[in-house]
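Student: Chains as they are written, first to last, in the numbering used here: chain A, 1 to 97; chain B, 98 to 284.
If you're looking for bench data, these hints aren't it; they were derived computationally from the structure. All figures in this text were calculated on a predicted structure; none of them were measured in a lab. All C-beta atoms, glycine included, are put in the ideal place defined by N, C-alpha and C. Incorrect hints may appear among the rest.
Claimed, not checked - Keeping only pairs whose Cα atoms sit at most 35 Å apart, straight-line, the calculated DSBU-like set for lysine-lysine is:
{"hint": "1", "chain 1": "B", "residue 1": "K217", "chain 2": "A", "residue 2": "K89"}
{"hint": "2", "chain 1": "B", "residue 1": "K143", "chain 2": "A", "residue 2": "K91"}
{"hint": "3", "chain 1": "A", "residue 1": "K91", "chain 2": "B", "residue 2": "K217"}
Stated by the list, open to error - Computed list of chain B residues with no C-beta within reach of chain A, every gap over 10 Å:
{"hint": "4", "residue": "N189"}
{"hint": "5", "residue": "N224"}
{"hint": "6", "residue": "R252"}
{"hint": "7", "residue": "F253"}
{"hint": "8", "residue": "A261"}
{"hint": "9", "residue": "V272"}
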Amino acid sequence: MSKGILFSIDAILAIGLIVTMFSATVLLTNNVSNLGAQQSLLHGSASDEAYNSYLTNDGSTDDVVNSETENATCYQIYDYQPNETIVEKVKKCAQLE
Amino acid sequence: MRTIGVKGSIAVITAGAVMLLLLLTITSMKNANDNGTAMINMVSAKETAFKAENLLRILDKSVSKAIIDTTSPSNCNPGSVTEESIQTKFANAVGGRNDDVGIGFNDLNSKLMNCTAVVKAGSLRINGNQLDINGTMSCTTTIGETTITDERSFRFSKEIRTNAIDSSCEVYDTVSECMEQPSVNCP
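Please take these sequences and the hints and turn them into a complete structure.
Tutor: Written out as structure tokens, the structure reads:
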């Protein structure tokens with residue numbers, strides 16, 4: 001075992017390992033904690049736009065986002081047709097850049 | 098008598114610092130997890146309320162379909178409509194957006210969302226050419242151990258009129274004054 005002045009080399013390596021693991025855990029924790037807020041932001045943006053479009057009857061449909069991922073979400077509002085079918089009237093999507 | 102010396106003291110301090118870091122990490126992770134769960138629950142609650150609102154508007158229009166189905170040009174009154182026929186239209190409306198990707202009113206695959214609509218027994222009132230019906234609807238979202246339910250009572254009021262030109266029957270919503278059958282037309 002090599003010896004330093006105050007710590008052995010092994011002890012310094014162990015401390016380095018602990019610091020690295022701690023940093024990784026903190027980074028991972030921040031990522032997880034942001035997921036809920038991120039989804040809330042995306043859902044709020046998409047649903048607000050969808051209801052604005054529905055209530056103003058502008059008839060626009062947003063198909064910018066084709067697949068829903070953690071970084072994107074879409075919100076649909078359906079409408080009842082006189083022939084008893086239910087169709088998608090509005091679809092709005094939000095995506096984090 | 099043995100003493101721990103300088104190196105021993107530093108080792109104790111280091112061990113204490115490491116334990117403090119680990120405690121801080123555990124607390125931080127727990128808080129982050131709680132915050133993330135709270136935010137996701139908020140999104141779920143909002144989604145449930147929006148879906149319930151959307152379904153309520155659809156149920157409203159489905160009553161007009163139940164009325165128009167029982168009328169004929171020579172008989173424009175809602176006298177033949179029953180609570181059962183309206184309940185059938187409600188079931189068709191709720192089931193009309195069953196899907197397996199979680200965007201409709203009943204998520205068949207993961208059972209995240211489940212909506213129901215029920216006519217209140219004995220609430221059907223037909224007065225001349227006007228019909229009123231009461232009922233309740235609910236949408237429930239289940240995520241893990243969290244269940245969020247939005248339950249609403251409703252009263253729909255419709256009026257059937259005879260077209261002056263071709264004597265066809267038209268169903269209007271008495272609140273919005275929109276024609277809902279046989280086509281949609283709002284003033």
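Student: Determine for every hint whether it applies to the structure shown.
Tutor: Now the hints, each set against the structure:
Of the pairs offered as hints, the one joining K217/B and K89/A holds, with about 29 Å between alpha carbons and a cut-off of 35 Å not exceeded. A threshold of 35 Å between alpha carbons decides the hint, and for K143/B with K91/A the separation of about 17 Å falls inside it, so the pair holds. Among the hinted pairs, K91/A with K217/B is consistent with the structure: their alpha-carbon atoms are about 33 Å apart, no more than 35 Å. Look at N189/B: its CB is around 6 Å from the nearest CB on chain A, not clear of 10 Å, so calling it non-interface is violated.
Distance check on N224/B: its Cβ is at least 24 Å (rounded) from any Cβ of chain A, clearing the 10 Å threshold; non-interface status holds. For R252/B, the shortest C-beta to C-beta distance to chain A comes to about 18 Å, beyond the 10 Å cut-off, and the non-interface label holds. Distance to chain A confirms F253/B as a non-interface residue, since its nearest Cβ pair spans about 12 Å, more than 10 Å. Distance to chain A confirms A261/B as a non-interface residue, since its nearest Cβ pair spans about 20 Å, more than 10 Å.
Against chain A, the non-interface label of V272/B holds: every CB pair exceeds 10 Å, the least being about 16 Å.
Against the hints set out earlier in the document, a violation occurs for number 4 only.
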